[in-house]
Amino acid sequence: MSIHDDAVQTFTPRDFHRQAHDALGNPQIRANFRKAMDGLMTKRRDSFGDWDLETLRELGANIRMRALAKLPELLEQLEANCEANGIHVHWAEDGEEACRIIRELCEARGAKAVIKGKSMVSEEMHLNEHLEAAGIEALESDLGEYLVQLNQQTPSHIIMPAIHLNTDEISDIMHHKTGTERTRDVDYMTAAARSQLRERFMAADVGISGVNFAVAETGTLCLVENEGNGRMTTTVPPMHIAVTGIEKVVEHLRDVPPLYALLSRSATGQHVTTYFNMISGPRKEQEHDGPEAVHLVLVDNGRSRIYQDDELLDTLRCIRCGACMNHCPVYTRVGGHTYGTTYPGPIGSILMPHMLGLEDTKDLPSASSLCGACGEVCPVKIPIPDLLVRLRREAVGEGRGNVPGAGVKRNKKEVAAWKSFQWLATHPGAWRRGTAMAGKLNMLMPSNLGPWTDHRTAPKPAKTTLHALIKRHRKQRSDA
Amino acid sequence: MSARDAIFKRLRERTDGPLTPPACDFSVVTNRGWSRAERLEHFERLITSVHGEVIHTTSDDWTRRLAEVLAAKSIKRLALGREHPVAAEAREALKASDVELVDVDRDIETWQREQFERVDAGMTSTGGGIAETGSLWLWPTPDEPRLISLVPPIHIAVLDAESVEDTFFDMIEAHGWAQGMPTNALLISGPSKTADIEQTLAYGVHGPRELVVLLRYAAAQVASA
Chain A
1 MSIHDDAVQT FTPRDFHRQA HDALGNPQIR ANFRKAMDGL MTKRRDSFGD
51 WDLETLRELG ANIRMRALAK LPELLEQLEA NCEANGIHVH WAEDGEEACR
101 IIRELCEARG AKAVIKGKSM VSEEMHLNEH LEAAGIEALE SDLGEYLVQL
151 NQQTPSHIIM PAIHLNTDEI SDIMHHKTGT ERTRDVDYMT AAARSQLRER
201 FMAADVGISG VNFAVAETGT LCLVENEGNG RMTTTVPPMH IAVTGIEKVV
251 EHLRDVPPLY ALLSRSATGQ HVTTYFNMIS GPRKEQEHDG PEAVHLVLVD
301 NGRSRIYQDD ELLDTLRCIR CGACMNHCPV YTRVGGHTYG TTYPGPIGSI
351 LMPHMLGLED TKDLPSASSL CGACGEVCPV KIPIPDLLVR LRREAVGEGR
401 GNVPGAGVKR NKKEVAAWKS FQWLATHPGA WRRGTAMAGK LNMLMPSNLG
451 PWTDHRTAPK PAKTTLHALI KRHRKQRSDA
Chain B
1 MSARDAIFKR LRERTDGPLT PPACDFSVVT NRGWSRAERL EHFERLITSV
51 HGEVIHTTSD DWTRRLAEVL AAKSIKRLAL GREHPVAAEA REALKASDVE
101 LVDVDRDIET WQREQFERVD AGMTSTGGGI AETGSLWLWP TPDEPRLISL
151 VPPIHIAVLD AESVEDTFFD MIEAHGWAQG MPTNALLISG PSKTADIEQT
201 LAYGVHGPRE LVVLLRYAAA QVASA
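These protein sequence lines are chains A and B, in that order. Numbering follows full-length UniProt numbering, with no gaps: position 409 of the first sequence is 409. Numbering follows full-length UniProt numbering, with no gaps: position 138 of the second sequence is 138.
Since the hints were derived computationally from the structure, they do not count as laboratory data. Note that this is a predicted model, so its numbers are computed, not measured. Yeah, the Cβ is synthetic: ideal placement off N, Cα and C, and Gly gets one too. Among the hints, a few may not be true.
[To be verified] Computed footprint of chain B on chain A, listed as stretches where at least three residues anywhere in the stretch have a Cβ under 8 Å from a Cβ of chain B:
#1 44 to 56
#2 328 to 336
#3 344 to 356
[As the list claims (entries may be wrong)] No farther apart than 25 Å at their CA atoms in a straight line, the calculated lysine to any residue pairs in the SDA-like style are these:
#4 A:70 - B:110
#5 A:43 - A:385
#6 A:284 - B:10
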């Protein structure tokens, strides 16, 4: 049983327009997001108060660019240092291969129960469904992810997965799914989740987490969190599997503090998170806790294709803070599920087309007013608006064509129309005759111009053109 | 071709050619130039802002303050190390008290449920602190394992005032972390918390709901001050 109508609803980027229409008509969703995003924007601004934010962003961008410039070398170094530390490294071309690797690692241990820390890459590859199909239960332990999973939903925000739900809705979900009392007492609900999940941590055969930064120089996996579920996931079960994208590597340990400072403040407006967990190997012989085995699964899933192009490359700088969605006027109004993709909002709109192809995601780069807020707040200065425009070009076949599904929105009539316009606009004589004619025949102007006129009145060419008016005005002045 | 080879081939044969790594200027994350007093004031302000509790004490009086904390919080069973001077001193001081000292130098498999359900607090030493973010730095060891600072509902950490650095960057540089990392290194800044239920802050979601820092000053310094 699910509590909400949208819990059983599946979202897909193909239905973006219909989903956006539904979300805009849902006052609960709009209120939940508006309240949350307003709070996050204020907290972020306050948390950077004392900092020279522009210098810090410049450093963050340069550290990420340096890592990408040396990506193959750093991945080799990361692999060598992890292996030397006792962390087994695996490579996956796509999500399916990564799922298979993880399932086989679980099966080799006879694992039946997996506990998970928050990992967007695991969402990207639909790991939970894959494991469940193989008879392995995968339980989310981040409170927000746990609630979303109880409600048979997917995260609506990459940092705050249950941001679309309010306290009453969460109370209902926990009551129906876990038998807790109906209450608005957040401490009570948190304590209930704590005790429910503690049993599961103790019983879990494998812990699966993501990675925020993978340090090549030391073979260290860094995890950022507040709850402690990430530390539990990576310490309590006998095996830990970390899964992440190949772009998450950084060169030096000293590269981490600036990125961490940017991440925690940009994401939630915290000057620091409760835990910064740095893992550099499995339990050593004389140690008394921690997993016996640690595995790192490095996933490509379209990233090396993004890597080919100097402009698109900037997409890979992302440190997954979610500030772009918190500041996006479109995301705030339609919410995360509307996008129908693992990563919603501005970053999702420039990332998902590479993962799913433009056939399925063609509406996402257009789901933006290009107001520029996302680019202004991005802690690693990704020019998100420019990349949205680039993907719009790719969609109509005017880019370099290296995005899957490029040209899917190309429309012969539209191309012909713009070609004609270009010719007219570059031939003044024809332009003047044409606009004069259009003014005279303005009764023939159609009132329906497709989606453009859904909420607007079609323009009518003026009876007298601007050129003609200016000419007349000048003549009157010189006559006077 | 293996996935690994295929990925590396694509990365190495990049369409737009090789990239030039930009230079990175780290001055924005270091050189705070704080005095000792400013540093400690910063540390305390930041860690208390996230619900951490700081108790000022001295190296010759701290175990008395520890006993007060244990009494005030009704801690009956305290998990702690054995070898580290902090643990050894605490054990000696609490020998005669009615607080039960729980040994942690045991493989977790042999006492997991006991640790999860029947320990009131865990006490650990710290490697140092970070003033700018109000963070503790822990390198768990066989003597003070990873879960002691996570599983019990209260974490008591002993921090020496001298070991507080200005920034995280300074900490990494001053202690040469890049030369060799332990199995697990941690920064802890306050008790466990969540805001996943409608942005309402709640403490103790998976880890401790309270963090108490016993901030020790050298006895002689306090006497001369």
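Hints, one by one, checked against the model:
1. With a cut-off of 8 Å between beta carbons, the region 44 to 56 of chain A has 4 residues touching chain B; three or more are needed, and the interface restraint holds.
2. With a cut-off of 8 Å between beta carbons, the region 328 to 336 of chain A has 0 residues touching chain B; three or more are needed, and the interface restraint is violated.
3. Only residues whose C-beta sits within less than 8 Å of a C-beta in chain B count toward coverage, and the region 344 to 356 of chain A has 0 of them, not enough to reach three; the restraint is violated.
4. Restraint check: the Cα-Cα separation between residue 70 of chain A and residue 110 of chain B comes to about 45 Å, which exceeds 25 Å; the hinted pair is violated.
5. Taken as a hint, the residue 43 of chain A and residue 385 of chain A pair is honoured in the structure, with Cα atoms around 24 Å apart against an allowance of 25 Å.
6. The hinted pair formed by residue 284 of chain A and residue 10 of chain B fails the criterion: a straight-line CA distance of about 36 Å is larger than 25 Å.
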